Structure formats: structure tokens, C-alpha cells
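**Q** Sequence:
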Amino acid sequence: MNHVAKKEQGFTLIELLLAMTFVSILLLIIAMTVIQLSSIYNKGLTMKSVDQAGRAIATDIRQTLSGSSPFSLNGMFWNQRNAGVSEDAPDGGRFCTGAYSYIWNYGRSIDSPINVYDTSTDTIRFVKVRDNGAQYCADQKKKIIKENASELLAGGDTDLAIQSFQVKELASDPTTGQALYRIIMEIGTNNQDALDHNRDKTLDTMDVTCKPPSDDSSVQNFCAVNVFDFTAQAGNRGAD
0 MNHVAKKEQG
10 FTLIELLLAM
20 TFVSILLLII
30 AMTVIQLSSI
40 YNKGLTMKSV
50 DQAGRAIATD
60 IRQTLSGSSP
70 FSLNGMFWNQ
80 RNAGVSEDAP
90 DGGRFCTGAY
100 SYIWNYGRSI
110 DSPINVYDTS
120 TDTIRFVKVR
130 DNGAQYCADQ
140 KKKIIKENAS
150 ELLAGGDTDL
160 AIQSFQVKEL
170 ASDPTTGQAL
180 YRIIMEIGTN
190 NQDALDHNRD
200 KTLDTMDVTC
210 KPPSDDSSVQ
220 NFCAVNVFDF
230 TAQAGNRGAD
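Taking numbering that gives the first Met the number 0, the leading residue of the sequence shown gets 0, the next gets one more, and so forth.
Hints listed in this document are in silico derivations from the structure and should not be mistaken for laboratory results. No experiment lies behind these values; they were computed from the predicted model shown. Note that beta-carbon positions come from the ideal geometry of N, C-alpha and C, so glycine has one too. Take these hints with a grain of salt, some might be off.
Said to hold, decoys possible - What follows is a list of derived Cβ distance ranges for each label pair:
| hint | residue 1 | residue 2 | range |
| --- | --- | --- | --- |
| 1 | 22 | 59 | 51 to 57 Å |
| 2 | 71 | 154 | 31 to 37 Å |
| 3 | 147 | 37 | 39 to 45 Å |
| 4 | 192 | 55 | 26 to 32 Å |
| 5 | 169 | 110 | 32 to 38 Å |
| 6 | 43 | 13 | 43 to 49 Å |
| 7 | 115 | 28 | 50 to 56 Å |
| 8 | 71 | 111 | 28 to 34 Å |
Claimed, not checked - When the alpha-carbon atoms are kept at most 27 Å apart in a straight line, the in silico DSS-like pairs for lysine-lysine are as follows:
| hint | residue 1 | residue 2 |
| --- | --- | --- |
| 9 | 47 | 210 |
| 10 | 167 | 140 |
| 11 | 167 | 141 |
| 12 | 42 | 210 |
| 13 | 167 | 142 |
Throw the hints in and build the complete structure from the sequences for me.
**A** Okay, here's the thing in C-alpha cells:
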């Protein structure tokens, strides 16, 4: 009886290695794509948080000034220092409008704040407090009454903080009882290791930016700093 040998088909070792290599490359591409999409998503959330916080604060300041009488910035806007040395960058600030005052600690000093509450250990980031007569600017060491204050910049998961803040008087008209102010503020995440601080002695402020990707301390996906430059007019509706 004749037997016909059956030829069995199968993968050779080379074919198997090629297939495994292809699958490995495909999985690697998928993993890198997921990581990239996750990075973009996290960066987007961080930037959105900064933008929303800045817009909300700008709107609040505009509304407050709109209901305030015009005032000179002399004695109504302060950059404060813990050390008391003029060369040091400011640690906090106060901006008084006559009816309300804005008080903050800069990001670099959040852990050792210059502005604190009277009966609470909660951290002040950027608060608005009822302050008829601008008492908080008359006495820069005056502790903030927590019951009268509203926090406008919650730290949250993104740990937001004021990085710099400046107010300039652009114009005033005694006839109409109105004045125009320019506010420039930098708001951003507060991982200090991921930030570059460029001291501007002429403006008594800091220009804060995220470190470039080439820096080992860079945390690009979770770092964002935005400048909010806007004008606000006082005297639109008269004083409170």
C-alpha cells in the first residue's frame, strides 16, 4: 500500500519573529499615541483652568472699579515683602479701591505668606474683602477678617497662584469724575521648580514663564502661565 506524505504548513522562525516585531511596533505606536493624547489633554485642562481664573478675576475687578469713585494709586496699591529688602521680589500685594480691597500672596511665597487671616490658617491666594476706607492699605500688616473675604483663586488640582500684579493709572477726568486704570497680572500654576522668574526692578514685579522642554525641571503638561492685561474704568456708576 502506498502512503502519501502530507506536507505540514507552519511558520518559520523568521516569519514568527517578523510577526512579533510588527505587533510590538504596533503596540508601541499605540502606547505613544495614547501618551501624547493624554499630554495634550492635561495641558489643555491646565491652560483652561488658568484662563477661566484670570477672566473671572478681571471681570470682578472691572465691576468693582466701575462702582468706585476715582482714586490715586498712591497708598492704594502695594507690593509687599517679608524680608523688607528692596532688592527682594515682592511676596504679596494689596490693591484698595475704597469700597473693596484685593489682597494676595505671590506664588513664590505661598508657603510663607505675608498676608494671612486673623482667625484661620487657610492660605490666601487672591481674596476680595469689604474694606470701606481702604483700611487694609493704610495698615499693610492688618490681618484679613476671614468672614469678610471671598477667595477668587482657589488652588485646586492645578495649584493656581498670582505670579505678578501691577496697576497703572492711565487717565483721569475730574470733570466727569472718571478714571481709567490698567491692570496687568500673571496667573499660573505654582510648581516653582517648573517656573523661570525674571526680575524686573523697574516695574517691581516678576515675569514668570514655564521652563522650556529642554530643562530637566520642566513639567510642560502641568505648567501654564498667562498674562491678563486689561483696563477698568472707575466712576461709571458712582461710589458704593
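**Q** What are the numbers of the hints the structure violates, in ascending order?
**A** Per hint list: zero violations.
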